[in-house]
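Trainee: Sequence:
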Amino acid sequence: MSCDEEPALESLSGQTSKTQDLIRKTDGEKLDEDNLISNIKPFQGDSLSFDQENYGKDRRRTKSLPVCQGGGKRVQFADALGLNLADVKHFNIAEDPCVPPKGISKLPSYPPLPGQEFGDLCEAFESSLSFDCLVPTFQMPVDSADFDSRVRRQRVALEKVSSTRFDVTGTIRVMQMDCETETGVRYTLNDWVTFVDTQAVHVLDEGTASPWNHFTFTLYTPPYFDKESSIHFAVYCRTDQGEFWDNNDGKNYTLKVKVT
Numbered sequence: 001m002s003c004d005e006e007p008a009l010e011s012l013s014g015q016t017s018k019t020q021d022l023i024r025k026t027d028g029e030k031l032d033e034d035n036l037i038s039n040i041k042p043f044q045g046d047s048l049s050f051d052q053e054n055y056g057k058d059r060r061r062t063k064s065l066p067v068c069q070g071g072g073k074r075v076q077f078a079d080a081l082g083l084n085l086a087d088v089k090h091f092n093i094a095e096d097p098c099v100p101p102k103g104i105s106k107l108p109s110y111p112p113l114p115g116q117e118f119g120d121l122c123e124a125f126e127s128s129l130s131f132d133c134l135v136p137t138f139q140m141p142v143d144s145a146d147f148d149s150r151v152r153r154q155r156v157a158l159e160k161v162s163s164t165r166f167d168v169t170g171t172i173r174v175m176q177m178d179c180e181t182e183t184g185v186r187y188t189l190n191d192w193v194t195f196v197d198t199q200a201v202h203v204l205d206e207g208t209a210s211p212w213n214h215f216t217f218t219l220y221t222p223p224y225f226d227k228e229s230s231i232h233f234a235v236y237c238r239t240d241q242g243e244f245w246d247n248n249d250g251k252n253y254t255l256k257v258k259v260t
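Mapping of the sequence shown onto full-length UniProt numbering: residues 1 to 260, in sequence order.
Because the hints were derived from the structure by calculation, they are not lab data. Please note that a few of the clues may not be correct.
Below are the DSS-like pairs computed for lysine-lysine, each with C-alpha atoms no more than 27 Å apart in a straight line [said to hold, decoys possible]:
1. K89 to K227
2. K251 to K227
3. K102 to K89
4. K227 to K160
5. K102 to K258
6. K89 to K160
7. K258 to K227
8. K73 to K102
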């Protein structure tokens, strides 16, 4: 044993002496280090007891599995096997999606149950198929004999309308005024519960000077229009001098659905 190791032994002996001094019985006597474990009594009741035999077993460290010396990790890429690294699919919005039957069969609504009712949806769809166009319930104002005097009196008047399955177009006549004007149409699809104002477009008159200004407008109808529904509208002209209206003498202009 070398001289360098002697201080370490003395230090270890000193620590053991201190440990023995700290360990005492309840009556104040010192305990032998060899008899330390044998003098510890187990806990009573539900407390944990100290088992000397299992104490040493629990302190044994678990050993890791031996490292495999056979080989290392291997990584293979798709291109090394003759495959593509990426698969790109381009979708065209004009093409219908191709859904496999296996995916559709899992939907709860496929196939439809016998006697299944769809209620208002089927009725609305059938009515849209038989829907022809909107028909005006009034005579064209421009065909009346006093139409010019009516425009002078009201400053604005509806001339005529035409309708298709999807929209209503018309012409408005406005008396020329020395101020800025805004001409348009106020219409409703639910009996004036709500309404929409749409602005008309001015049409330049060619040829001789005319005391009138002409405007055109377009009203768009919903794709599924109920056969009992109607469109009510009136035309207006807003100026610095006030608002001027033509509402068919208080009855409004109305178009109803024509069903074939």
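Trainee: Enumerate the violated hints, using their earlier numbering and listing them in ascending order.
Mentor: The structure breaks hints 1, 5, 6, 8; every other hint is satisfied.
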